[in-house]
Every structure is written in C-alpha cells, then in structure tokens.
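Put the two chains together into one complex; each comes in its own frame, and the hints tell you how they fit.
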Amino acid sequence: MTDIHQPAGPRVSGAAPHAEIDSDAAEAFLSHDAHSASDHESLRHAPGPYFGAYGGRWMPESLIAALDELQETFEAAKKDPEFTAQITELNSTYAGRPSLLTEAKSFAAHAGGVRVFLKREDLNHTGSHKINNVLGQALLAKRMGKTRVIAETGAGQHGVASATAAALLGLECVVYMGAEDTRRQALNVARMQLLGAEVIPVTNGSQTLKDAINDALRDWVANVDSTHYLLGTAAGAHPFPAMVRYFHEVIGEEARAQILEQTGKLPDAVCACVGGGSNAIGIFHGFLDDPSVRLYGFEAGGDGVESGRHAATITLGRPGVLHGARSYLMQDEYGQTMESHSISAGLDYPGVGPEHAYLADIGRASYEPVTDREAMDAFQLLCRTEGIIPAIETAHALAGALKVGQRLAADLAPGEQAGDKVIIVNLSGRGDKDVATAAEYFDLLPDDSAEQEIAQEGEQL
Amino acid sequence: MKTLSSKAAAAVEKARSEGRAALIGYLPAGFPDVPTTIEAALAMAANGVDLIEIGIPYSDPVMDGRVIQDATVQALAAGFTVPQIFDVVRGITSATDVPVLVMTYWNPVMRMGVREFASRLAEAGGAGLITPDLIPDEAAEWMAVSDEFGLDRVYLVAPSTSPARMRSTVEASRGFVYGVSVMGITGARTSVGAAARAVVDDAHAAGAERVCVGLGVSSAAQVAEIAGYADGVIVGTALVAALRDGGVPAVAALCKDLSTGTGKNPS
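Sequence lines, in order, name chains A and B. 338 is the number that the numbering used here gives to position 338 of the first sequence; each next residue is one higher, with no gaps. 102 is the number that the numbering used here gives to position 102 of the second sequence; each next residue is one higher, with no gaps.
Only chain B is shown next, with the shape it has when bound in the complex (with noise of 0.2 Å):
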C-alpha cells in the first residue's frame, strides 16, 4: 500500500498520533441539495470527523440499504447531476483542512472518462475515491490515473474476501483498506459482528497500514469497539437519517457523540 502523499493517509494517521482511531463521516451530495450537503459537511470536520466520504447519488447502488437509497434517490429526484459533485468537493476543501473522499459507483466515472473525473475531482481539491463496484481486477485505467493525479485510491475487502485477494487488493490501495463489517448492504445494525475483526486483522497481515471498517456503525459504542483493532471507522446510514430527521444540527450532535468513541484507550 503506497502512502505517498496520500491525504487520507495522513489523516488516519494525524489520528493516530493522537492515539485515537479516525472517524469518517459519509454523505451523499445533493441530500436535500448541495448547498446542505456542504453545510454538513464542514459541520461534520468541526465536530470531531477526520475525513468526509460525500456519495454520488446513482440510479443502481447495489451495495446501498434503504436509507442511502432513498436520500439518492431523493437527491437525482432534485436534479443533482454528476459534475456537481465537484462544486460539492470545492465547497468543503475551501472551508476546511479535513480532506474529503468521493464513494461513487463506477458508471458515472467512466461515461464522464476516468482521466477527466479525476482530474477534476484533484482541481476541486478531493483525496481521491472510494469505489464500491471497482476491484482492482478492472482497475487498470484508475490505477494509472489516480498516479498521475496523486488520488487516493479505497477498495474493499470483505468477509468473504479470499487470502490472495486480501494481498493484491491491499496492494493496489492507497490511503486505506476500507473493511467491509458484514455481508451486507450499508444500513445501521445492533452489532458489528466477529467477522469484522478478522477483515482488519487479516488486511492488516496482508499488509495493510490502515484499515477503516464500515457498514452498520451507528453508535458511540460501535465506534468504540472497532476503534480498539481498526485505524478508523466509517459512519454512513445514521448520519444520512440524522440529516433527514434532524437537519444539519442533528448530523453535528451525533459526530460530536460518536467522536468520544474513537479513543485506542478508554479509561
């Protein structure tokens, strides 16, 4: 895994000097529009957030629950179209240093063309991306593009995930592991499960330097117990229903209340 000037490798690791795991929040843009999605963004970075991952909204998210779901669907209902994306990225790279991923699937990239996106996605000041149907298998162009424009690239390793994927897939990484909690889709679960421990420890031998976990994390608690084996843990469905239900106030009062979760010691 190459760290060179990675800028969610760096902030996984400023967290770590500090002796905590990161937090990252997840947003999709255009939900309700973009100027709120930017609000809550840099709402999120002021309340305890390392690093934001902002969804493009999609006509077929495979790997999205209901809740995600709907909010994307809501968003394109609104109009959101993909290069807004980019005006989203500049809004919150302008306002703070906490560097932001974009979560897309992979259609909207390639009918814009990969080279094009990314180079767009650097000019708006984005870390990179983490893709959720790209493996690196057929990664061949983003590998080359995300060099040239020094992107982060986040790929996912899961449960089912076999030994000598682990490997070539922490390889083809930068930035970090993104360790998929559960078979699942993203949505909020009671409890995380065994099987995300094994994902970390098993990416962190295959060489992994940092290894974030996601899907069903909603509590402080749930934070707190992945943030005793993983580098960071990625909230996504309860700060997407925060958002709905409670504006962005409610998005900043659960990162505040999550953030006391990441400590590596809790006295």
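Extracted from the complex, chain A is given alone in its bound form (with noise of 0.2 Å):
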C-alpha cells in the first residue's frame, strides 16, 4: 500500500486498471462494467482551473503571485519522489493510514439489506480526513519557505487538523473563528490553542465560517510573504480545488482497492457528506471513471429546503463567484451571499467546491440533501447497531446511504438480491466532538447539568 498515493497518471482508457489492484480484481471490474470509460474523457485528475464552467481565480489581484507560487510549488512538488515519499510516510506513520474499511452489517439491515461499508476516515489523527489536506499544505507552505499558516474554521475540526499539522512542522499557525462559534466551541478552541495556535473570534459580518474565510483572506493579502493560507475544503481559488483533492484522493484509492479485496468487485454507489466537499472529492476521485458507480453526495438540509433553512447549494444555489470560485452559491436575487444553516458545523457553509458542481452539471454525481433530522436519526442508528459514534456531518451521509440502500433493494433485477449490491460510505470523521449537540437533540443531560447548559448553546465538543 506504499504507493497508493502515488499519482497514477491520466486514465484515457477504463481498460487501463490502478496498478495496485491484483489481476482476478481486475478482471472482476472489467467483467462487472461492461460499458468502461473507453469511450469517455477520464474525469480523474482534472487540474483546474476550469471544471466545466466552474472554478478559476475570481480572486484579488494582490493574490494572484502567491496562487501562481502555490501553484508551481505543487507541481513540482507532485513530480519530486521526495515530497510524495514525505506524504506516504507521514500518512503512515502520523495519520493512521491506510484507514479501515468496516464492513456495517446490522446498519445495513436498515439500508434494505445491501451490504455497506464504511471508510474509516474518523480513525485517523485528529479524527477525520482533514488530517490527510493539513499534512500536505504544512509541507508545501515549508517547500515555499513560509514560517506561517492561517486558516478558517466552523466547528474547529480543520482548525485543530491545521493546528496539529503546524506543531509537527514548526510552523505559526493562525486559526480564523467566528467569534460566535468560539463562544460554543470553548473546549475546541482550547484544542487549537494546546498545540499552539492563535485563535482569532471573528466579528465581521454574518460572524460565520464564510465570514472567517473573508479575515482568513485579508490577513493572507496582508502577510503573504510569509503566510500560507492552509484552505481547508476543496474550494476557493485554483489551485486550491484540484490541490485539495488530491492530498484526499488517498481516500479513494483506499476505498477502492479495498472494496476489490474484501468483495471482489467495484461498490454500486459511494456516498458523501459534501459542505465544501473536500472528503467527497477525495472518496469520488477512486471511482470517477467507474461508471458503473453511482456518486451521491449529501447535502446538509437543515429544518428542510423548503424551510429556507439549510445549507444545500448545490440542490438550490445558482452559480455565482464567491472566495475565488465560480460555483453554486447560496445567494438573494441581487448576489448576496446567504447565511446557511446546519446542525451540523461543518456542512454550515453557502458555497461548495466546484468540481462538485461540474460533476453535478454532467451528471456523474449526484447531490441530494438531508435533514437535521434525518441525520441525526442515522447518527443513533449507527452507534446502537455499529458501536462507532460518528460526526454529524458524516451522519448525513449515513442517512443518504439509507435512502440509496433502500431504491437499490427496490429496483433490483431479476435474480439479484439486496444482498448483491453494495454501497461506501465516507465515514469522514468521528463524534467525539459532536456529543454535547447530540446529547442535548436527544435529550440525554439532566436539566441542571453543566453540559446541558453548554449544549445549549451548541457546544460541539
């Protein structure tokens, strides 16, 4: 598995199968998919900065050398043995890597008997897939000669991810907050700060993620000789997108070459929680050129679309530019942004990256939203049947799993069983931080408890 990560080159030919899948595997797929992408462009490795329509650097003139840097900076670095064989080793040896693939048994008795995996994203360091963009941006920021690196933050996962990454590498490292969800994440907050970093609380505008991006970029323009802005989904401007994507492609590779082995034959469909989008883009990639595989990536919902209260871009935004991407966007009829809204921290973003959007244009993936509600249904679901507490961003994609287990259980062919089909999902991060949120939304603290008085207010631990 040492050279999973190694990129594996354009796939102009679906007969050309990853070089790390045995050859009965192989065969496997080409027997299972008999239409192969022989006839299609290869989606993978797309390198921006255009994705169809979507992408681009819709960003201030001042910024653009530090992009041009970024990006040489990156391809080089992806062409030099020296810097993959720092990722695979670090990814090895710091992150966890390669993450499990768990098969849910008693879970998937609830999707209508299809079999479901799981890639275990939430058992790497720092508990999630953030881990695999922090590591790669710190060495590139290090590569550039940078001492410092900012970035954004929602709940606090890539705040701490990015945290971590700079006590390991030695780098400064900024953390942007809304000073709203410091306030509620006092307990992450303090994380960041153990290993070193400066939190700043936010006071601008909406006082949201979106609005910690905005100082996240101020301060870049002004201190872009020594910064890097460590952009923790795979969005903004080129190269971030296709940068993004590729420190999590590990994911899908992964997925991919494990489904192989432990089925014998490529998933039906792969399933994702998509805010920005950077843990779907990483598990999408590995499968791009299957098209025999379904991609559906769930959106956060909130109280329900038609509540106006949700965070699903894609589903109802139009596209629109917004931190250096032309993408779906949440947005009023005279192009301002509009505030989302999610349980769920780390979906509670307007905008999404926008290789999303092309794959939703094309119709390669699919994009659908889901409820708090449903969420969090499937939350319970699967720590009572699985034991594994998951983040409630992950959780929508659990719900989307369900819905798409069952249609799959529905529209079976003759002679085919549920048990036949067989569904990914990302399981792109752990709960831990989530509990205080999903204690109180089930109403599990004694009335005068501390943490209930913290849960109230949103604390995601």
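Only true hints are included.
Residues of chain A placed beyond 10 Å of chain B at every Cβ, according to the derived structure:
1) Glu82
2) Thr84
3) Thr93
4) Leu100
5) Val293
6) Gly308
7) Lys403
Here are the computed lysine to any residue pairs in the SDA-like style, where the Cα-Cα straight-line distance is at most 25 Å:
8) A/Lys78 / A/His45
9) A/Lys142 / B/Ser162
10) B/Lys256 / B/Ser191
11) B/Lys14 / B/Ala124
12) A/Lys142 / B/Pro159
13) B/Lys14 / B/Gly263
Since the hints were derived computationally from the structure, they do not count as laboratory data. Glycine included, every Cβ here is placed at the ideal spot set by N, Cα and C.
Below you can see the structure in the form of structure tokens.
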C-alpha cells in the first residue's frame, strides 16, 4: 500500500486498471463493467483551473502571485519523489493510514439489506479526513519557505487539524473562527491553543465560517510573503480545489482497492457528505472513471430545503463567485451571499467546491439534501448498530446511504439479491466533538447539568 | 490601454492639464442612505474631487478594512439593494459633470447579468467599473460588454504583480489603472510606503498612461507625496469615516483639504 498515493496519471482508457489491484480483481472489474470508460474522457486528476464552467480565480490581483507560487510549488512537488515519499510516510506513520474499510452489517439491515462498507476516516489522527490535506499543505508551506500558516474553521475540525500539522512541522499557526463559534466551541478553541495555535474570533459580517474565510483572506493579502493560507476544503481559487482534492485522493484510492479485495467487485454506490466537499471529492475521485459506480453527495438540508434554513448549495443554489471560485452558491436575487443553516457546523457553508458543481451538471454525481432530523436519526442508528459514533457531518452521508440502499433494494433485476449490492459510505469523521450537541438533541442531559448548559449553546466538543 | 471615449481618462487628463494629479473620492452607496450618498458625492464634486467612486455594499468584501465593512454592513441592514446603485449614479451624474465610477465585487454583477448591469449603468450616466476581485483573466464577458457600452474598466495592480501581469492588466484597462499602494486591505495608514511608487513606475513602464494610487491615503500630505509620481490619488476610508462622524459637511471639508495636495509642483 505504500505507493497507493502515487499519482497514476490520467486514465484515458477504462481498460487500464489501477496499478494496485491484483489481476483477479481487475478481471472482476472488467467483466462487471461492460461499459467501461473507454469511450469517455477521464474525469480523474482534473488539473483545474476550470471544471467545466466552474472554478477559476475570482480573486484580488494582490493574491495572484501567491496563487501562482503555490501552483508552481504544488506541481513541482507532485513530481518530486521526495515529496510524495514524505506524504506517504506521514500518512502511514503519523496519520494512521491506510484507514480501515469496515462492513456495517447491522446498520445495513436498515438500508434495504444491501451491503454497506464504511471508509474509516474517523480513525485518522485528529479524528477526520482533514489531516490528509493539512499535512500536504503544511509541507508545501515549508517548501515555499513560509513560516506561518493561517486557516479558517467552523466547528473547529480543520482548525485543530491545521494546528496539529503546524505543531508537527514547526510553523506558526493562526486560526480564524467566527466569534459566535468560539463561544460555542470553547473546548475546540482550547484544543487549538494547546497545540500552540492562536485563535482569532471573527466579529465581521455574519460572524460565521464564510466571514472567517473573509478575514483569513484579508490576513493573507497583508502577510503573503511569510504566510500560507491553509484552506480547509476543495473550494476557493485555483489551485486550491485541485490541490486539496489531490491530498484527499488517497481516500478513494484506498477504498477502491479495499472494496475489490473484500468483495471482489466495485461498489454500486459511494456516499459522502458535502459542505465544501473535500471528503466527498477525495473518495469520489477513486471511482470517477468507473461509470457503474454511482456517486452521491449529501448536502445539509437543515430544517428542510423548503424552510429556507439549510445549506443545500447544489440543490438550491445558483452559479456565482465566492472566495475565489465560480460554483454553486446560496445567494439572494441581488448576488448577496445568504446565510446557511445546519445542525452540523462543518456543513454550514453557503458555497461548494467547483468540481462538485461540474460533476452535478454533467450528471456524474448526484447531490441530495438530508435534513437535520434524518441525519440525527442515522447518527443514533450507527451508534446503536455498529458501536461507532460518527461526526454529525458524516451522519448526513449515512442517512443518504440508507435511502440509496433502500432504492437499490427496490430496484433489483430478476435473480438479484439485495445482498449483491454494495455501498461505500465515507465515514469522514468521528463524533466525539458532537457529543454535547447529540446529547442535547436526544434529551439525554439532566436539566441542571453543566453539560446541558453548554449543549444548549450548541457546543460541539 | 485604450483611451477612446473614456470619462475617467478625460477627468484624469483634465487634472493633468491643470498641472495636478486627479483626486478620486470613494463612498459606499446607501450609507447611511441613498439621498445622503448622492448629497455627499455632490459635495465631493464641489470641493475638488475630479472623479467619484461609489461602492456597492456586498456581503463578503474581502478587500475592505473595518471602516468600509461597517459602513456597507449598515447600508445592507438598512435595506440597500444592488439596483439602487443606478439611482445613486443617476442622482449624481444628473447634477454634476464629474464622472462616476462604480466599485463592485463581481458576484452582484454576475447575478444581475453582466450585460444587463452594464446597460443600466451606462443609461444612468456611469463611467464604468472598478473591480477589486475581477482580474482580466476572468473578464472576457466584461471586456466585450464594456466595449459595447463604452464603459471604463479599471483593474487593480499590486506590489506583487508580475511584469507579465502588469503588461496584460494595463492592456486590458480603460480609464486608468488602479495601483494598490500596499499589500493589504482598505484602511487609513500613517504611511503609504515605497511600494506604491514602484507600482506606479512599473505600470507606467508597462504602458499605462494613467495610474492612480489607492489604499491607505487619508491626508493632504499623503496626497501631495503620491501626486509627485502618480496621475491620481484615491481616498476612501478617510471619507467614509468623515461621513460617519461629521456628515456631508465633514466630507466637503476633507475633500477641500485633500485637494490642496494634488499640485504636481507645490511651491
């Protein structure tokens, strides 16, 4: 598995299997997949800056030189065996890769009886997929001679991951976080501070994640000589969407090899949650050129998309530009960004990565909303059936997988069994941080407990 | 840089013919309300400002510092909507010959439709657009539409701009080139620094006929310093703060003071 993250190069033919699968599995793949990608252009390794009509660089001129420097450094690093070896080494000896692929047999009984496998990004160091990206970008920052990284965070997951990478690699770290979030997430603020980062509460605008990104960009303009902006998701100006995806491609590469090894075939569907979309693009990437594999992104439906209180950007947004990329965007009729709503702070963002917008438009991936309630039901179900507490972000993917499984089971060909169908869910993060939110949601806390007081303010531990 | 029928170029050239740098004053539309914006803009025109820049309040103004952010947040909270920019422009251009450029982040233009926006801006008598988050690389539609309606397109160049980008940005601009004085966001600074002069010199060397400097300029002394090497000086935050703290009379007084610094050869 040591070479699993080596770029395989563009796959122009569906007949070219991944290097890491054995020949039996490759045969299984080819026989299963009669309509290979041979008559299609490969969707893998899309380099940007554009993904169809999306992506680009809608950024102030002041930052273009820094984006150019980042792009050049990234392109050179990808071709440098020393860099790819560093990534592989950190992934295996620090982050804990490869992450497991766990079959969730009891949970699957609620998904129409199809087989459900969980890609266990929750088992990574810092508890989510975020570590893949921060290690890569922090190494690039060092290669550029930068001594300081800045990051934005909503719930704190990316902020904690950034602070972790900065501590490991000896970089100064400043995290911008909405002032409201710093109050609600006091323990995550402490976590970042323990790791040596400075957390700056953002009081501008709506004081949410998008405003934290605005302030990080303002910091970057003023300090670009010393500072790298360690953006946490596969959005933003080129090269961020393609670069963040690159560091997360390892998720899909591992999952594809693991499912072939465990089931002898490709999955019927891959499910992931989508806020900015980094975990989803990471796992989707491994399957983009496997047309038999359906890809599903589940957006935060909040109180329901009809309520107006949601973060279902692709489902209900319109194309626009925000934070450097053209993509789907939650905006009003005048082009002002709208506030998003979700029980999951990590999905509470009014934009989405441009590659997802493209995959949605060409029909390669489907995006559907999942409400807070559906997500919390799935959260509880996974806890009880599998003994795994997922992040609330991830619970959206689990809720979506239940629907996909039921649809697959209802749509079987003659002679097919539900148990022949296979779904992979990207279990993007663990739910330790969400215990207080969940305990309050399920009314598990005594009325007078300190935890209840914290949880009522939305604390995500 | 094309000069054909450019209102902004004409304003800068008029100042040049009088032996001065042009003074360009910025205010956000709808702060504190639309009538006051028009009144304050006319006060700028009557007190030495050669070119008026009106900003569209936007939810995510990444190039703006706290003073302008607070003003635009207030304008939006008070109900300002993007189409009102045309009322503001019309209100100013119907009462003065001083040209009006609109400063806008790109998404509001994209949302309305670039052609629709340009058509309405031209109809209101506007000179063109200053686009802080639109670079020429992404501006194919705006390039075509601004030609169609004869509108100026003012792009920014910065201390970090490469020589190649300096040339292509100068080539894409019409009216003048906006030289960003420092690596940073809008807001008053005690000193503008040596980077501003290098930006202006580089832009001139790349073929720019007119380069105006903005970001951080708040005093007549700074105006005088920049007027020594640039073709125009842009003042924003200081005027917004004046309007906030002292209303239209304070804007008028500040413009009068700033305009004393525009002479190319102070005696």
